[in-house]
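Q: With chain A's structure known, arrange chain B on it following the hints.
Protein chains: 2
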Amino acid sequence: MFDRFRYSAENCSVHRTLDVVGEKWTFLVLREAYFGVRRFEDFAHALGCARNLLSRRLATLVEHGVLRREPYREPGMRERIEYALTPKGLELYPVLVALMQWGDRWSADRAGPAIVVYHHGCGAPVRATLACAAGHEGLAAQDTRVRPGPGARRMP
Amino acid sequence: MFDRFRYSAENCSVHRTLDVVGEKWTFLVLREAYFGVRRFEDFAHALGCARNLLSRRLATLVEHGVLRREPYREPGMRERIEYALTPKGLELYPVLVALMQWGDRWSADRAGPAIVVYHHGCGAPVRATLACAAGHEGLAAQDTRVRPGPGARRMP
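So the protein lines, in turn, are chains A and B.
Last residue of the first sequence: 159 (my numbering), numbering continuous.
Last residue of the second sequence: 159 (my numbering), numbering continuous.
Because the hints were derived from the structure by calculation, they are not lab data.
Misleading hints may appear alongside valid ones.
The list treats identical chains as one, so a pair stands whether inside a single copy or across any two.
Think about it this way: if two alpha-carbon atoms lie no more than 20 Å apart in a straight line, the pair counts; the simulated SDA-like pairs of lysine to any residue are [as the list claims (entries may be wrong)]:
| id | residue 1 | residue 2 |
| --- | --- | --- |
| 1 | Lys27 | Thr63 |
| 2 | Lys91 | Ala12 |
| 3 | Lys27 | Leu57 |
| 4 | Lys91 | Asp112 |
| 5 | Lys27 | Glu140 |
Okay, chain A solo, but in the shape it has when bound:
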């Protein structure tokens, strides 16, 4: 075991990520964004959640640069706002796919998954996997270890 208690978790990247997306509705908003939803009314319809909750979650994601507001205007209508994934937001996708596949494996309906993520280029289904920089793929938790990184803070 990594000597957990010699290092602070204050600057842990898991913690910092969860400060942005560590809330159930935030991930569900992102799910809809990855599915192509961009407008407030469509998020509200897809999620069936309270509008003030949705507003807060969208504002948090914009504040952290995960979504950005983009104006649009339909003919004869006033300008309105859409929400688009930024590059930072697109990079969260492996988290969502990993959450989905765990649910698919442990809690899907008997009929199977509700959604399949596939590779646009070839049509084959996509999985979130762990791979090392030396090219070993499909690693399990048990194949890995952790060590303090360059930013590790020693406990006083």
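A: Below, chain B alone, put in the same frame as chain A:
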């Protein structure tokens, strides 16, 4: 765009996964479990969170089969309980690594990541990646699409 509004999200695996782990402290408890922490006092020390909150999170994870309680007894002491990751819990590890690497990229200290996950077999750093069943690796969100799976529920 996948025609989002023809299908229900009721049986979405992301939602079901978040019913188990969609809460910031739950992921932080799991972080410590992956780091090798097993005892209540050690979780409390590592996380610095309220003990009743920790108790609830551990109970939820046990209830869903992510952790299991294991009795242990130190010489001359009464029997106590440790928390061990189950196979179901170990399979959540890609989610944690994906959360961590996003935080490493977008919010780490200037010095770098606090923690490095590496492959025990070869020492190389580990990444969470998306790969398709036909062998295409390192896929980005933009390289993928979604389609209804066998369990998709049509909207009435």
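Q: Decide, hint by hint, whether the structure agrees.
A: Now for the hints, and whether the structure bears them out:
Taking the shortest alpha-carbon separations for Lys27 and Thr63, both the intra-copy value of 13 Å and the inter-copy value of 15 Å come in at or below 20 Å. Proximity of Lys91 and Ala12 under a CA criterion of 20 Å is satisfied in neither setting, with 23 Å inside one chain copy and 25 Å between copies. For the homomeric pair Lys27 and Leu57, the shortest alpha-carbon distances inside one copy (12 Å) and between copies (18 Å) are both at most 20 Å. Taking the shortest alpha-carbon separations for Lys91 and Asp112, only the inter-copy value of 17 Å comes in at or below 20 Å, while the best intra-copy value is 32 Å.
For a Cα distance limit of 20 Å, the shortest separation of Lys27 from Glu140 qualifies neither inside one copy, at 30 Å, nor across copies, at 28 Å.
In this structure, the hints that do not hold are numbers 2 and 5, in rising order.
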